[in-house]
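From first to last, the protein sequence lines stand for chains A and B.
The working numbering puts the first residue of the first sequence at 9, with every later residue one more than the last.
The working numbering puts the first residue of the second sequence at 9, with every later residue one more than the last.
In case anyone wonders, no lab produced these hints; they're calculated from the structure.
The structure displayed is predicted, hence computed values, not measured ones.
Treat the hints loosely; a few may be bogus.
Simulated pairs of lysine-lysine, DSS-like, Cα-Cα distance not exceeding 27 Å [claimed, not checked]: (1) K226(B) <-> K298(A); (2) K71(B) <-> K103(A); (3) K248(B) <-> K289(B); (4) K103(A) <-> K140(B); (5) K140(B) <-> K298(B); (6) K248(A) <-> K140(B); (7) K71(A) <-> K103(A); (8) K140(A) <-> K103(A); (9) K248(A) <-> K298(A); (10) K103(B) <-> K71(B); (11) K289(B) <-> K289(A); (12) K226(B) <-> K298(B); (13) K248(A) <-> K103(A).
Here chain B is said to cover these stretches of chain A; the calculated rule only asks that three of the stretch's residues, wherever they fall, bring their Cβ under 8 Å from a Cβ of chain B [stated by the list, open to error]: (14) 104-117; (15) 186-196; (16) 261-271.
The beta carbon of each residue, even a glycine, is placed where N, CA and C say it ideally should be.
Residues per chain are reported as follows:
Number of protein chains: 2
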Amino acid sequence: MSKAQQPFAVGIDIGGTNTDLGLVTAEGVCVRRQHLATRDFSEANAYADALANAVRELLAAQKITLSDIAGIGIGAPNGNFYTGSIDYAPNLQFKGRVMLKELMEARLATTVTLTNDANAAAWGEKVYGGAKGMNDFILITLGTGVGSGIVVNGQMVYGHDGFAGELGHATLRPNGRRCSCGRRGCLEEYASARGIVQTYRELRRRHGLETPADITCKDLTALADSGDALAQRTWEQTAKHLALALSNAVTFSSPEAIFLMGGPVRAGHWLLDPLRIHFEKCLLSIFQGKTQILRSQLADNDAAILGAAALATY
Amino acid sequence: MSKAQQPFAVGIDIGGTNTDLGLVTAEGVCVRRQHLATRDFSEANAYADALANAVRELLAAQKITLSDIAGIGIGAPNGNFYTGSIDYAPNLQFKGRVMLKELMEARLATTVTLTNDANAAAWGEKVYGGAKGMNDFILITLGTGVGSGIVVNGQMVYGHDGFAGELGHATLRPNGRRCSCGRRGCLEEYASARGIVQTYRELRRRHGLETPADITCKDLTALADSGDALAQRTWEQTAKHLALALSNAVTFSSPEAIFLMGGPVRAGHWLLDPLRIHFEKCLLSIFQGKTQILRSQLADNDAAILGAAALATY
């Protein structure tokens with residue numbers, strides 16, 4: 009059977025705390041899940057052993073074998089498609105370069121495809137979500153950081169080294185906020201959950217108001233709903249920052265659509281309405297009215313697993 | 009014979025003032041040239057008639073026929089690869105959309121391929137120049153404006169509408185200089201010949217000095233050579249602006265190399281030395297030390313024709 013004919017694929021989403029595995033049907037439904045505590049492992053071989061076991065358990069629970077799956081896809085921070093390795097991921101305990109594709113293929117008789125989480129999410133959007141049939145689009149993940157996956161001519165953009173698609177670290181404001189990457193003014197510092205909360209804090213400080221230490225990005229949607237003008241203004245400013253960044257991305261690849269995924273997108277109209285307005289204003293005239301801003305059509309809970317599973321059919 | 013086996017291709021570079029035609033060998037040597045005054049024509053059909061005649065004369069002078077050429081490639085401002093049209097080019101007298109591919113194919117029995125001038129130049133770099141064998145690179149043209157052509161996975165990036173690759177209009181400095189496109193802070197306002205001269209004027213003004221009205225970007229190289237500290241500083245500042253823009257482009261496609269072409273590049277070490285230094289400083293750490301900044305290896309005089317001719321073998 010060719011890959012595409014296999015009834016299932018396994019998607020693995022590796023995070024700093026947890027590793028989530030899912031068994032995904034060809035239609036993009038995650039029918040079974042398995043979890044592993046990434047944090048319990050400081051050594052890559054032991055982690056690969058446990059991960060291979062988790063895959064075996066996942067398949068056994070469905071009463072299927074490796075021959076029933078198209079392959080295993082892995083989305084991981086700093087995952088490199090070309091080498092199949094996770095390279096110096098700051099949020100993982102494994103140090104240096106972990107050849108995870110190789111380690112997994114040595115343990116399981118199937119093809120393993122690995123890339124970073126945002127690239128995986130973009131491919132998931134193309135295979136199972138709103139980007140079906142699109143050849144040129146960008147997916148932006150808003151969360152702890154800001155990630156991106158870019159598709160051009162129907163193919164993922166990996167670049168010469170496998171690390172393309174880091175729009176979260178495009179410089180939006182020269183001399184702007186200090187970024188965790190050591191540089192200044194990156195989009196991530198304005199559009200990540202943390203950056204959005206910082207915008208709120210700064211707005212309140214300007215009005216002589218303190219901000220509770222435990223406020224989260226999620227709270228800002230409820231606050232905006234309840235009429236907090238500065239929370240509303242925070243979403244508007246976030247939309248302006250994001251609009252500029254996305255309009256710059258359009259000058260590069262002129263995509264049919266830009267998809268947004270992740271926690272801050274749950275702000276809904278507070279973010280998306282001003283974003284669409286400012287995005288059109290920021291665009292060079294030849295690009296106006298052509299690129300849609302859309303929410304990802306993958307369910308937030310399953311998006312990472314679906315993205316990873318989609319890689320198995322790449 | 010397949011396209012690649014034809015001994016020649018015709019490259020046509022359309023500018024606001026002149027149209028240059030060249031007969032190019034498979035090795036990328038322009039063996040014959042022909043010219044036409046674009047400005048003499050305000051009507052597209054008459055222009056297409058004259059252009060078709062110029063192609064016939066070019067071939068006749070070499071004693072060859074249309075069957076000896078792989079095809080005709082055209083680089084034109086606002087040229088659209090998908091539609092084969094020139095769309096609302098501000099520097100041309102033809103108004104609206106000119107279906108030039110169609111007009112030319114109706115007059116000459118060969119395939120005509122059309123795109124914008126910077127895309128053509130990038131493809132010329134890949135077929136005949138320094139990007140042979142590269143699958144991921146960017147070419148930036150510095151001149152009256154700033155253009156770009158982007159190659160990803162060995163293919164030109166055209167985007168969903170054919171207009172991708174407008175890095176000259178990525179916003180570099182929000183609230184920066186007013187751009188001819190009506191927006192603010194575009195790279196073009198800092199790295200075009202005009203923008204570079206403006207930087208020099210601003211530096212002199214800050215020192216209480218007037219600047220001769222007729223000073224050109226070319227003069228700034230001679231002035232830097234002769235020890236003019238503000239001309240030297242102008243190149244350094246231009247390098248800083250360009251470094252930031254190029255480092256942002258790297259977050260998108262992580263190219264193996266970025267090629268520079270056009271008049272300002274003749275400043276040589278005044279521009280390139282600080283550019284390479286600042287570019288490395290601007291890059292996100294995972295990209296450092298990986299992307300070369302190179303001068304185009306197409307001779308300036310022939311670059312546009314070679315680029316256009318390369319399209320014929322696309």
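Hints, verified against the model:
no.	hint	verdict
1	K226(B) <-> K298(A)	violated (39 Å)
2	K71(B) <-> K103(A)	violated (67 Å)
3	K248(B) <-> K289(B)	holds (10 Å)
4	K103(A) <-> K140(B)	violated (37 Å)
5	K140(B) <-> K298(B)	holds (18 Å)
6	K248(A) <-> K140(B)	violated (40 Å)
7	K71(A) <-> K103(A)	violated (36 Å)
8	K140(A) <-> K103(A)	violated (37 Å)
9	K248(A) <-> K298(A)	holds (19 Å)
10	K103(B) <-> K71(B)	violated (36 Å)
11	K289(B) <-> K289(A)	violated (31 Å)
12	K226(B) <-> K298(B)	violated (31 Å)
13	K248(A) <-> K103(A)	violated (37 Å)
14	104-117	violated (count 0)
15	186-196	holds (count 3)
16	261-271	holds (count 4)
Hints 1, 2, 4, 6, 7, 8, 10, 11, 12, 13, 14 from the list above are not met by this structure, while the remaining hints are.
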